[in-house]
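S.K.: From first to last, the protein sequence lines stand for chains A and B.
The first sequence begins at 24 in the numbering used here and counts up one residue at a time.
The second sequence begins at 171 in the numbering used here and counts up one residue at a time.
Incorrect hints may have been included.
To be verified - Computed beta-carbon distance windows for the label pairs:
1) B/Lys538 <-> A/Lys259: 50 to 58 Å
2) B/Asp580 <-> A/Glu94: 36 to 44 Å
3) A/Ser151 <-> B/Glu445: 34 to 42 Å
4) B/Ser565 <-> A/Ala51: 42 to 50 Å
5) A/Glu94 <-> B/Ser404: 35 to 43 Å
6) B/Glu563 <-> A/Arg217: 50 to 58 Å
7) A/Arg231 <-> B/Lys538: 44 to 52 Å
8) B/Glu219 <-> A/Arg150: 37 to 45 Å
9) A/Trp268 <-> B/Lys538: 52 to 60 Å
10) A/His228 <-> B/Glu563: 32 to 40 Å
In case anyone wonders, no lab produced these hints; they're calculated from the structure.
It should be emphasised that the depicted structure is a prediction, and the values quoted were computed from it without experimental measurement.
We put the CB at the ideal spot given by N, CA and C, even for glycine.
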Amino acid sequence: MKMLEIKNLHASVGDKEILRGINLTINAGEVHAIMGPNGAGKSTLSNVLAGRDGYTITQGEVLYKGENLLELAAEERAQRGVFLAFQYPVEIPGVSNIYLLKAALNAVRKYQGLDELDAIDFLSLVRSKLDLVKMDEQFLHRGVNEGFSGGEKKRNEILQMALLEPSLAILDETDSGLDIDALKTVSEGVNGLRSADRSIVMITHYQRLLDYIEPDFVHVLSDGKIVKTGDKELAKELEKTGYSWVQQGQAE
Amino acid sequence: MKQITELATPFASISSDETFFGDDLPWLKSLRLKARTQFNNAGLPAKKEEDWKYTSLRPFARQQFNHGAKTQPLSVEQCNDYALLDDAYRFVIIDGVFSAELSKIDGLQAGLIIRPLSEAVDLIQPHLGQQVELTKPGFTALNTMMMSEGMAVTVDSNVKIEKTIELLVINSGESANLATHLRHVIVLADNSEATIIEHYLGLNADSSFTNTVTEVILAESAQLKHYKLQQESSKAFHIATLAAKQAAKSQWTTNSISLGAKLARNDVHTQLLGEQSHVVMDGLYLVDNDQHVDFHTRIDHTVANTTSDELYKGILNGNSHGVFNGKVMVHKDAQKTDANQQNHNLLLSRGCEIDTKPEMEIYADDVKCGHGSTVGQINADHLFFLRSRGLDEVSARSLLTYAFTADVLDRIDSELIRTALANVVEQRLPKPSI
Ligand SMILES: Nc1ncnc2c1ncn2[C@@H]1O[C@H](COP(=O)(O)OP(=O)(O)OP(=O)(O)O)[C@@H](O)[C@H]1O
Ligand SMILES: [Mg+2]
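Start from the sequences and build out the full structure, keeping to the hints where you can.
M.R.: See the structure below:
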């Protein structure tokens, strides 16, 4: 089954074109890594997929499970199983983590036609996910990401993902800022979610992550386009040589 | 010769032979007369008055108000529904009249007196009028000449009152355009403790005018937690002065939550008169449609080693208008003052307006003082984050709006009171328009 089909996607902010013709197909069960230099448009692509306002789609289309994704509001995408782990998770004082988790889970369950979980079932579910990402229960009662360290914020994103069990997870530099142990924990969390009916897109700058979570494909995004696709060997090559050779090889 | 300014017309008809409680007491009679002279000379404050720059009393002045009411009898059950707390001493005033039947002030803890003001004149004589200024034009003078009832509370030395005292002031709407002038006096002797909630409620949408003055006297090491919840009708005029004097080591925590009324004006003032006295002065205002809310606060640090911590937050929607003017005065002998004042506002609509002016006047040189104010909207990144987790836009906006109030509510240390107030606030959150 095709999870995501991006066809000739062009997106701009104001009159600046950032995505300049992206083509990418992701099948169910696959893990794709997207690498590329700073400013290439990786986060822009994830934001566009997650439904953030402020971008103009000038050309192209995106199908998610065969449905026109770009017509859906951000919350509709989330309810249908699209999940973005943010590169820079926001702090929201006054909204407790547990409240967020509950509201998010119930929103997804409602869409799926399921009842809300009662308090006891919800808590035991959350506890099992906390174990998965090795987070202490006290984080549940703090404001969302409020005062969390960089690594704690990233773990918190994975906690949300583990709870919501999305069909398409986009992880935007979830590995940045993680210490070695945390990287392992988070990777285990992500690997635990790998399944035949789920697809994962990992945006990363570091080959190391791909040692833990082996991708089926590696893409290089540069200047708003995918300029090269390969397997995990491509990531190793990039680590050694940088991006200049793929960028030069890009015939305009 | 009597001069009544244009803005005093709602009260121009008050005749000088009206009678009040305590008229047989020369000191009280003369206090009322002094106030009458003052009010008749100066009338109500006009907009050119600096303190009233952003709050116009014109809509108020166009109204005629009645004194003396038919009161509507309420059942105990109704009263239980209206009250904020179940397990509390309760002092009920309906349409300006004390209701002994609905109040729960029997079997008070030893060392505590709660009485209607009209029956407590002897008790409060040394304090009445000492916390407020009569000389400024306006409502305090009007209140002093007209005060007809109120709650008097005294707590003896070294007594800690376990139960909260809820003052429930209900405007039933039975008498149209009713004006009530209430005076509450709270006296805590040294090393005593109490928790008091003032709760103002309007039962229907009629116009009314509540003019309250609350005087708080805290002796050495006394601790008062004071909350005020104002939920009057959307046509009501609510004018309130809350003024305290604090002796050494006393601690006053006050939090005013203003939700109702067409026009609500609150003057909150404390004088830190003894060393190591401390005040936490908080407030929350939520206004929608054409509501107008105005908070003027003032903290006087008059001696060394006093502290104040002030946090006011406002949420405005529709075409509402908010005013916050907070003044912290650090007098020249008030070395080592530690004062912090914050006012933050969330605007939910294009039509609403806020005038915020935090002020610090500092005449001492060795002090730690900070203040700040912000005016903002719902954060677009926060909104997108919540939506990206599946929350629809309306729920996400409501959640963020509620979250904005969290730090003010979190500063209420009794969980019971915090939960009760948080529920009321949550229900009254302006529905965010998209
Ligand atoms: N709202 C915006 N307004 C103007 N320019 C923008 C906006 N959003 C993104 N850009 C620009 O688009 C380009 C791509 O940004 P994007 O964040 O997608 O890069 P990235 O590939 O994720 O980079 P990094 O590896 O540093 O995270 C950058 O040049 C950025 O400045
Ligand atoms: Mg990025």
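S.K.: Take the hints in turn and mark each one as holding or not.
M.R.: Evaluation of the provided hints:
Distance hint check for B/Lys538 and A/Lys259: the Cβ-Cβ separation is about 57 Å, which falls inside the suggested range of 50 to 58 Å. Here the CB-CB span from B/Asp580 to A/Glu94 is close to 41 Å, well matched to the stated 36 to 44 Å. Roughly 55 Å separates the CB atoms of A/Ser151 and B/Glu445, a value that falls outside the hinted 34 to 42 Å. B/Ser565 and A/Ala51 have their C-beta atoms about 30 Å apart, which leaves the hinted 42 to 50 Å range violated.
At roughly 41 Å, the beta carbons of A/Glu94 and B/Ser404 sit within the given window of 35 to 43 Å. In this structure, B/Glu563 and A/Arg217 break the distance hint of 50 to 58 Å, their C-beta atoms being roughly 32 Å apart. A/Arg231 and B/Lys538 have their C-beta atoms about 47 Å apart, which keeps the hinted 44 to 52 Å range intact. In this structure the supplied range 37 to 45 Å is violated for B/Glu219 paired with A/Arg150, their Cβ-Cβ distance being about 60 Å.
A/Trp268 and B/Lys538 have their C-beta atoms about 59 Å apart, which keeps the hinted 52 to 60 Å range intact. Here the CB-CB span from A/His228 to B/Glu563 is close to 33 Å, well matched to the stated 32 to 40 Å.
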